[in-house]
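Chemist: What follows is the residue order along each chain.
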Amino acid sequence: MALVEIRDVHKTFGKVEVLKGVSLDVEEGEIVTIIGRSGSGKSTLLRCINALESVDSGEIRVEGQKVHAKMPDLKKFRQRVGIVFQAFNLFPHLKVERNITLAPLLTGRIEKAKARALAEDVLTRVGLADKIDAWPEQLSGGQQQRVAIARCLAMAPHLMLFDEVTSALDPELVGEVLKVMEAMAKQGMTMILVTHEMGFARNVANRIVFMHQGRVWEQGPPAKLFANPETPELASFIASAK
Amino acid sequence: MNFLPLWRYQNQLIEGAIVTLELTVISALAGLVIGIAGAVALKGRITPLRWMVRGYIELFRNTPSLIQIFIVFFVLPTFGLKLPAFEAAAVALSLYFGAYSVEIIRAGLDSIPRSQVEAGQCLGLSGWQVFRHIILPPALRNAYPAVTSQFVLLLLGTSLASQVAADELFHVAGFIESRTYRSFEVYAVICAVYFAIAMSFKALFAVIGLAAFRWPRRR
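Residue numbers (numbering that gives the first Met the number 0), protein chains in the order written: chain A, 0 to 241; chain B, 0 to 218.
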């Protein structure tokens, strides 16, 4: 059984059908990168996986459990699925430590006495142990995004979703975030990314999924997909992304 | 001009000022609770409750507060609820302050981007936890300047309670004036006391604001 099973998912916003029957499996430990033009539905698909959006038809299962906005243990489910956003979404009124420990404490995952150690641990993994007492506003965009990743890691998720996490960063800050994600990939974290970073997609991902007009248009290992795209749409996307 | 005849009334003046302070602080705290609860109701999904809060806001913001105090003091007793002057004024002023607070705090809540809520939900927090820990603190910060200036208006508005003979500052002033016939002197002193209290609160609020909202502003 795949960790994530997506079966014929449809999603409409108003009159626009954003997802037109998407099916996709992601195995445990796999790094799957979703690429495609803006409006192709890739971010929406990602948001459906942790029930930020509900699907109109079809179904999504994570670890065998059917995902939808009204699932009985939605909170528990979301503790197992981390998501990192384009805009970081750190809590501005909480210091880095509290940003990280808030959810583990409130959900009863850890005791108060162990909170700081947990924050130190996950911050070390993203290379920011020295920023534990900083306010988010005092950090660069790249650092904020790494704290956001650390905040997810503190929940010990089984699956991580990344929604264009480097798109809002200055070019010189992109590398530090990608490096953290690469390290996570090496440690066996199952990851689904929506990204415009073709270099990352090529070098780190096990599989590339090209979405076009609300469908999975083409997918496969990066080497094959980038070298020999089967569809003209992917060929022209790769050409324009270079 | 002669302020000397007022000197022997200094105890009454101090007591009046204390009553004014009590009336202001009690009404403000109660009004703030109404404000937060009302703002949550306005953003909630229960339509009849939203209408009720809306009606309450419009009613209290579009009628004279003096009449609101009169209704609580003179009219409610006919329905069996008889309150002493101070309590009646406190109830009416709480409702008055609450009506303004609802709108101010609602605006504060609206200023928090939807993405903050999502970030909280995605970490597995409950709706209440997201509200209490993620939305409310920054929302209160954004609402704080408007709440504090509304507080000063409330302080000045407590003088209306004199009309139901609550022993606050302005009522005491009337009493002293009737004894001394020193209108100018009495009201000059009262004015100075209101001014001093208002300015003290402004200073206090500035300190509280610095202590409570220590995180840096978005650049």
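Hints are computed from structural coordinates only; laboratory data are not their basis. Source: prediction; values computed, not measured. Watch out, some of these pointers could steer you wrong.
[What the hints assert, rightly or not] No more than 27 Å apart at the CA atoms, straight line, and that leaves these computed lysine-lysine pairs for BS3-like:
#1 Lys74(A) - Lys111(A)
#2 Lys69(A) - Lys19(A)
#3 Lys201(B) - Lys75(A)
#4 Lys65(A) - Lys75(A)
#5 Lys69(A) - Lys201(B)
#6 Lys74(A) - Lys81(B)
#7 Lys14(A) - Lys74(A)
#8 Lys178(A) - Lys223(A)
#9 Lys65(A) - Lys94(A)
Chemist: Each hint: holds or not?
Modeler: Status of the hints after comparison with the structure:
1. Lys74(A) - Lys111(A): 20 Å, holds
2. Lys69(A) - Lys19(A): Holds. Lys69(A) to Lys19(A) sits at ~22 Å (cutoff 27 Å).
3. Lys201(B) - Lys75(A): Between Lys201(B) and Lys75(A) the Cα gap is close to 45 Å, so the pair fails against 27 Å, i.e. violated.
4. Lys65(A) - Lys75(A): 13 Å, holds
5. Lys69(A) - Lys201(B): 47 Å, violated
6. Lys74(A) - Lys81(B): 49 Å, violated
7. Lys14(A) - Lys74(A): Distance of about 30 Å is beyond 27 Å: violated.
8. Lys178(A) - Lys223(A): Roughly 24 Å between the alpha carbons, so the hint for Lys178(A) and Lys223(A) holds.
9. Lys65(A) - Lys94(A): 35 Å, violated
Violated hints for the displayed structure, listed by number in ascending order: 3, 5, 6, 7 and 9.
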